[in-house]
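*Asks:* Could you put together the complete structure from these sequences and hints?
Heads up: the sequence shown is residues 205 to 1006, going by this note's numbering.
Treat the hints as calculated values from the structure; they're not laboratory data. Everything numeric in this text was worked out from a predicted model, so none of it was measured. This list has only true hints and no planted wrong ones.
In silico BS3-like links for lysine-lysine, alpha-carbon gap of 30 Å or less:
| id | residue 1 | residue 2 |
| --- | --- | --- |
| 1 | Lys504 | Lys323 |
| 2 | Lys896 | Lys969 |
| 3 | Lys323 | Lys303 |
| 4 | Lys857 | Lys918 |
| 5 | Lys922 | Lys1003 |
| 6 | Lys918 | Lys969 |
| 7 | Lys323 | Lys568 |
| 8 | Lys323 | Lys275 |
| 9 | Lys257 | Lys289 |
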Amino acid sequence: MRSLLAAVILFVSALASAAGVRPDLPKPYLMAPVILDSREMVQVWVFPRDSHKEFMVEAGPLLDALKRTLKDGNFKIVKSLVQPKGVLSLANLDAAGLKPVWNEANLELVLNIPLNYRKAKDLSVTYIEVDENRYYRPDAHSGYLNFRASQPYQHGESIAGGKLPLVGRFDLVENVQGFVLEAGTEYQEHADYSWNRQDTRIRTDDETNMIRYTLGDLSTYSRGFQAAPSLGGLSFSREFSIQPYRTLRPISRTEIEIKRPSLVEVYVNGLLTSQQRLGPGRFNVRDFPTAIGLSDVRIKVRDDLGQEETYDFSLLFENSVLNEGTQEFSYNFGSPWGQSQGDRNYSNEGIFSSLFHRWGVTDKITLGVNFQNYLDKTMPGIEYTQIAEWGLLSLDSAYGTANGLGGWGNRLTYRSLDRMYGYNVPFVAAAEVQVRDPEFQQPVAIDVLQANILRRYDLQLSTAFGLGGIWGVGGSYEAVPAGSPDRRFYRTNLSYPINISNRIEFSIVREVSDHQEDRGLISYFWSEPAGRYSVSAYHETLTKSTTATVNRNNFYNYDDVRASASIQRLNDSTNGTLYAEYLTQPASYRLDQFSTSTNGQSINTTTVGISTAFAWVGNRGAFSQPITDSFILIASDNFPKGSEMLINPMGTKGEAQLGPRSSAVLKDRTSYYRYMVNLDSTSLPTGYLLDKEYYGAMPTYKSGILIETTMNRKVMVKGRLIMNDQSPLALVAGDVVNEQGQLVDNTFFTNRNGQFVIEGLAPGKYKVMTDRPDLSGFEIMVTDDPSNSVNVGDIVVTKEAR
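*Replies:* Shown next, in the form of structure tokens:
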């Protein structure tokens, strides 16, 4: 046995000698895998010997693999044992505690590293790494142009009536290798300036670091006391939506140890949320899908021998708190603008700076700073947010200056949790205290009347009851500068679901200042369980208005109708509105009717409209309903005429369909989400097959993905093999190859009468090679037949000369 093994090793050594650079040691040697927990870690050169001190292993690649597995202290011990020729002996590995075993039968080196030597791995409950190569990504060039137009007509008893100005809007998105141009414009007929430019900008995303860069018209973010000005300039912001499957606020975790291959189940508040099979190791379990407040978590670990271990603990969650080490930020710099003569007039007086930066100090504490400046107006600020078992506490503080005067603005908010200290709480409390100095001013681009509140105190108590009922009471007090009366508000609200389809809501607000004003609102909502139809009605006491609305919602994205009808009584007026929209794949068509009657005089406005879009990926394009985010374009060059094929079928229809058009658009795919596209080939004519029915797609920011599908025409071929003497060639098997020599069918077989049937051949020339070496092969020509079946008749097979 030893001599046979030595021969095997020498043979493998000869094959492996050209595989790469190896340590300068004599034969025998070979490349062998290093195995940990039944999985290959790395391939290394090994030099088998009988003695552990003389059995050597290449150190470099092994150290790279061990660095990802061992704790820092244990890794330093292994590294210190490396010998001058860049090798480690089995004795060295044993001295470091790695317990090496050379498996002669499989020619592999097995390590048995104790769990307490290993680093803890992160195990996400909600975020699962997926091989993105399985998903189609956006093409280099894609985009779409949305178009909406409405033509109103007016008539009535007291007006001349007739056609009103046409209104419309264009929105362009052009994505070139991840750089996205967004532009829009609105049109109004007969206006002084018919065309009015809308937001125009270029955006690109850094997916790895979740940063979005914008140049042009900015959509600014704000924190604390910051305003959100309209700017034209440059911004870069952290966008958590770029990695939507990763829970980044907060990230709650706990460490568990798995000693054997095990099934790990995670339960949150009694519900199973994750189930994964894992090998031995230490794991930091994180990203629990918890609700806001305190949640009970149980982790069950059941190994391959049936032994079970349970971990129980509680976690706090609040979506305004960042996880430890996570940063959230937004930096915006630009010029304020105002609309002028159909364009935007950007100020040249100075740059408006607006920024904030937040850090997750721990899983329960988040700190932040913010800053705004424009001309002589400056406002730095700080924030502190903490969640604990007693609730959520948040503090915002800022110092605003303008025209040489300055003052403080402070806001403290608190919200209790549904569960505190392990117990359900019968009510939830929310409180806010806000105090501003009279000189406190926020930076604004246009001088406007600042908020005139010096102090504000607010308290709200809410309790849940029954199956979804909510009752709340609250009040607030606002102190304003001298010369104006302070204000007090008292309020109560009630929401009561009668059943799954019916809900009643009721609210009262009383304002007390220099006068007393009461406002009451009562609402009723009904929805069909399937969501097709819904009804709402409300009455508001302050304006004495009553409104009732009936809605019909579309069930399908195309070849369907959505409609709404409402009537409102307001003082002496009665208003009626009717809206209907017919949805098709390339466009939607609207009809709006608004009627108002006051003191017997009526005015009617009728509007017809169309909404459509043209989307493209490379040189492919298709019409669609307007698109708001990303899209997937499905196209086929040889789609059979008169056929239909559903895309992502939903009952009798799909999200889209091919036929009668050879291309279709799946619109409004959310950026960075993963989607499966199912092409349902069951409705294709007999003889047509798809090369692929399921596709994965993951769009980026406002991008398009092209899926080109090929319809393979397949024909059933019948025939009979006979010899020169007309006798049947019975019970012969064979292979069918195409003109390129590729095997397309290996199930060819004749019955006792020499007859054969070949299913699923595309039109073309084929050669059949039988399993009889004394027989010649033969060719068949498959033609495209409308009946999807071709009979090639009798084929004479000759014997080959020997």
